[in-house]
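S.K.: Now for the letters of each chain:
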Amino acid sequence: MRYAHRAESNYEYSNSTKESSDECYAAESMIPGVNTHPMTQIEPETSNLKKMSIITTTGLTKVYNADQVPVHALRGVDLTIDKGEFTSIVGPSGSGKTTLLNIIGGLDEPTEGKALIDNTDLTTLSDRKLINFRLHHIGFVFQAYNLIPVLTALENVSFIMQMQGRSSRECREKSIDLLKEVGLEDKINKRPSELSGGQQQRVAVARALASKPAFVLADEPTANLDSVSTAELLDMMLELNEREEMTFVFSTHDQRVIDRARRVVTLVDGKIDTDEKR
Amino acid sequence: MLYFNLAWRNIWRNKRRTIITILSIVVAVFLASVMRSMQEGQYTDMIENTVGTFSGYIQIHADDYWDDKTLDNTLVATDSVYSKIQAEESVRAVVPRLESFALAAGQNQSRPAMVMGVDIEAERNLSDPEKRIQSGSYFGKNDERSVIIGTELMQRLDVQLGDSLVLIGQGFRGMSATGLYEVKGTIAFPNPQLNRNLVMMPIETAQYFLAAEDRLTALSIILDDTEQVDRTVSNLQSKFSDDYEVMSWETMMPELTQTIEADRGSGLIMIFILYIVVGFGILGTVLMMITERTYEFGVMISVGTPRLAITLMLGIEILLMALVGTAAGIVVSIPIAWYFNVNPIQFSGDIAAVYQSYGLEAVLQFSMEPVVFYSQAITVFIITLVFSLLPLIKASRLNPVEAMRS
Ligand SMILES: Nc1ncnc2c1ncn2[C@@H]1O[C@H](COP(=O)(O)OP(=O)(O)OP(=O)(O)O)[C@@H](O)[C@H]1O
Ligand SMILES: [Mg+2]
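Residue numbers (full-length UniProt numbering), protein chains in the order written: chain A, 1 to 278; chain B, 1 to 406.
Take these hints with a grain of salt, some might be off.
Simulated crosslink set (DSS-like; lysine-lysine; CA at most 25 Å straight-line) [as the list claims (entries may be wrong)]:
hint, chain 1, residue 1, chain 2, residue 2
1, A, 212, A, 129
2, A, 190, B, 84
3, A, 190, A, 180
4, A, 129, B, 15
5, B, 84, B, 239
6, A, 83, A, 190
Partial chain A-side listing against chain B, Cβ under 8 Å, derived [what the hints assert, rightly or not]:
hint, residue
7, 129
8, 132
9, 150
Here are a few chain A residues that sit away from chain B, every Cβ distance over 10 Å (derived from the structure) [to be verified]:
hint, residue
10, 116
11, 124
12, 127
13, 147
14, 177
15, 207
16, 211
17, 272
Don't read these hints as lab results, they were simulated from the structure. Note that the Cβ used here is the ideal one computed from N, Cα and C, for glycine as well.
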């Protein structure tokens, strides 16, 4: 009975190649907790798209109460990021970059203030809805070990789409396209352990794009890379930004990365010190 | 399918840990079921020793005989009684007996004795005396003045084969009973009490000695299938309720059932300890498996994997290992139990003495009852799942930021 409503995708599955069947056998109804339909989004007028803000934080504060002594990681951050921006968050260690990105990414809650992400106030969402929101609206690239070790590059990318409940053929085709885009078409069946750090980060970017997110968040994506891989990853991100208008928000310590950002937001002591657009 | 695939690959990812986890399940099922097989085998032996080869699983007596074992409470078994019993499907043989007490006197010594009149032929189905003869020989056709006595009784009375033995007692309805018999042989049972007391004679001789012509103290019933005891008892009870009492071995010998139950209980405590040890072993490996992958779960939850999916994936991993482990546990237990079922362990020395003091043969035959094995497999399976539950819940509740900071 459970399968009845997906007769269509079954049909697709039986028509697809054998490889794709075990690579990308996504059954929307078999994935627990996943809302098959992306969260209803308030679609803005196309004409507004250029100036539409994707991220708006107002008065964000974050206080950690770890060892009795409260740590003020953020002390009132007001930040607006529009669609298509290529923003670097910089600042000394401990200035609150990760904390800010975590709140923007719906991974952590602010102590005070609001984060309006893709027209949704994240503080109003339950944990389950928040996970589903992240799946559909945000692409994540972490510093390292982004990928699921037992899955190949292709499977890591299509995993996200499978969870979104997309058809198996679409998952496979789209994943291959994305891996081509990040220059890894010859590595699609490699596991993370068989890829270099730079290649892994590129797969992570492909995965982040797989969900068709509103923006991609990356906390120090190049921290573990050598200078060549760093340059390559950045080229790729910039190209995606220009060609696809994909919004990137990333933190970094690397001056060469900062130099290429279109907008540099500097945090000092949990506050925005400078905000420079180039 | 997606999460099954993930679970499947994760199982192969750390082969060593998977093997250790499965092995601990295998060992648990193995130890538990071999131990239970040994115990149940022992109980079957105990019942077989006392019931199967001596009293019979069912006995029919005159009303009140079991509470007041006198010759006045004896019955006369007519052909119709026999045919009514034999009409029961599971009945293989009916063995009549006449038992009483008397004083046995040799030339120099006298001892209390249990006189047991047996049907020479029918008795082969029950205690099979001919096999237990230690010296001399079993009854033949013209042995109406012969007796076979317990080995120890023979020593105590200080008599030899061929010597005469005087029995003095009380017969049916208080008649005095005396008789002079020839010792034809000696017999030994696992039960030492019998060896000290038993004077066996053909049933007609006993009836004549006790002035109880045609009378019997009991009809022992031998069944093809010991599982049928309760049903046969109730059938026979409805046939004979007016005149006779029909008793199963469990009602005749409640102390035997109690002994077995008590022993089973103490065995359970040992198995319970084993379960706990295994449970915490599983808890440890599953916790380790989850701790090792905490960062990965953090990433998965961050990018939008539902918590339920993490639970499902880990659940499948544990389920698969538990299934393989319990199945393999049964597979390795059966040959061992089977070996000791076919080649029972024979005890000697002190252990044998202990067995004999309980009236048991000093052998240990393992049980091959299927329930012994699958019940242990199911129990260990459930224990594995139960002890995995906590780490599993812990994994699904991870805070992604904290998980990724580790
Ligand atoms: N979970 C936590 N518990 C307590 N204090 C925390 C926690 N997370 C962060 N902090 C503190 O909050 C402050 C900001 O931390 P955060 O990680 O955001 O800095 P960052 O700018 O990302 O630093 P880095 O450049 O070293 O990554 C630091 O003082 C840090 O010690
Ligand atoms: Mg940081």
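S.K.: What hints, given by number in increasing order, does this structure fail?
M.R.: Numbers 2, 4, 6, 7, 12, 13, 15, 16 - these are the hints that the structure violates, sorted from lowest upward.
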